[in-house]
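Visitor: Below, each chain spelled out in residue letters.
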Amino acid sequence: DAKTTQPNSMESNEEEPVHLPCNHSTISGTDYIHWYRQLPSQGPEYVIHGLTSNVNNRMASLAIAEDRKSSTLILHRATLRDAAVYYCILRDTTGNQFYFGTGTSLTVIP
Amino acid sequence: GAGVSQSPRYKVAKRGQDVALRCDPISGHVSLFWYQQALGQGPEFLTYFQNEAQLDKSGLPSDRFFAERPEGSVSTLKIQRTQQEDSAVYLCASSLVAGGRRSDTQYFGPGTRLTVL
Numbered sequence: 070d071a072k073t074t075q076p077n078s079m080e081s082n083e084e085e086p087v088h089l090p091c092n093h094s095t096i097s098g099t100d101y102i103h104w105y106r107q108l109p110s111q112g113p114e115y116v117i118h119g120l121t122s123n124v125n126n127r128m129a130s131l132a133i134a135e136d137r138k139s140s141t142l143i144l145h146r147a148t149l150r151d152a153a154v155y156y157c158i159l160r161d162t163t164g165n166q167f168y169f170g171t172g173t174s175l176t177v178i179p
Numbered sequence: 376g377a378g379v380s381q382s383p384r385y386k387v388a389k390r391g392q393d394v395a396l397r398c399d400p401i402s403g404h405v406s407l408f409w410y411q412q413a414l415g416q417g418p419e420f421l422t423y424f425q426n427e428a429q430l431d432k433s434g435l436p437s438d439r440f441f442a443e444r445p446e447g448s449v450s451t452l453k454i455q456r457t458q459q460e461d462s463a464v465y466l467c468a469s470s471l472v473a474g475g476r477r478s479d480t481q482y483f484g485p486g487t488r489l490t491v492l
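Protein chains in written order, with the numbering used here: chain A, 70 to 179; chain X, 376 to 492.
Don't read these hints as lab results, they were simulated from the structure. Bear in mind that the values here come from a model prediction, so they are computed numbers and not experimental data. Certain hints may be false.
[Unchecked claim] Simulated pairs of lysine to any residue, SDA-like, Cα-Cα distance not exceeding 25 Å:
(1) X:K432 <-> A:E114
(2) A:K138 <-> X:L396
(3) A:K72 <-> X:V449
(4) X:K453 <-> A:Y168
(5) A:K72 <-> X:Q458
(6) A:K138 <-> A:T148
(7) A:K72 <-> A:S94
(8) A:K72 <-> X:D431
(9) X:K432 <-> A:G170
(10) X:K386 <-> A:K138
(11) A:K138 <-> X:G417
(12) X:K389 <-> X:D431
(13) X:K453 <-> X:E443
(14) X:K389 <-> X:A473
(15) A:K72 <-> X:G417
(16) X:K432 <-> A:Y101
(17) X:K432 <-> X:V449
(18) X:K432 <-> X:Q458
(19) X:K432 <-> A:Y115
(20) X:K386 <-> A:E114
The shape of chain A in the complex, shown without the other chains (with noise of 0.2 Å):
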């Protein structure tokens, strides 16, 4: 199946953009990419997905290499409430798994 390879940990100031990257050598064709993100104590919630043309939503943008070997995540202007655990999801073959990985810590710094 395949997996995914994110930073343990990024820092952004407050109202900076931020570029979350994640590696994804092993995808398939009909794999779509996923972004969650996990305040504390909190589940999951989700961000954007794609599968091969970039995404862009109210929250983030998700931008998608032409090989699609990786993916970045875009917040625009990070906030404090922005401060979270982002993962990088692919969905497995039959779809019904998410293989979470550990995600980046995003630290956002006012």
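Start from chain A and add chain X according to the hints.
Guide: Frame of chain A; chain X shown alone:
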């Protein structure tokens, strides 16, 4: 509408006790998932239901773990003869469509933190 709810939020059990954790998914959601999250780790898949059918239980760590969703809505995760290594947060998630489609969004509950003494 209400999101996914879980109860209890916290559970302390003595080693060897049985526990039951409840999940109320979003109304009308076909798919339901259970995950286990150890401290400092990402959630790990336990099992998946489509309506009342348990279609995937490959993540259940031992036969002490049992999950059910008898009427296709509320689900219960039961752990028998709890051990210290069972201490974790247990997360429930639901999604609207069947079959675990790869583009479908999962909505997570706040989790139940289980501590086994």
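Visitor: Taking each numbered hint in turn, which are not upheld by the structure, reported in ascending numerical order?
Guide: 2, 3, 5, 6, 10, 12 and 14
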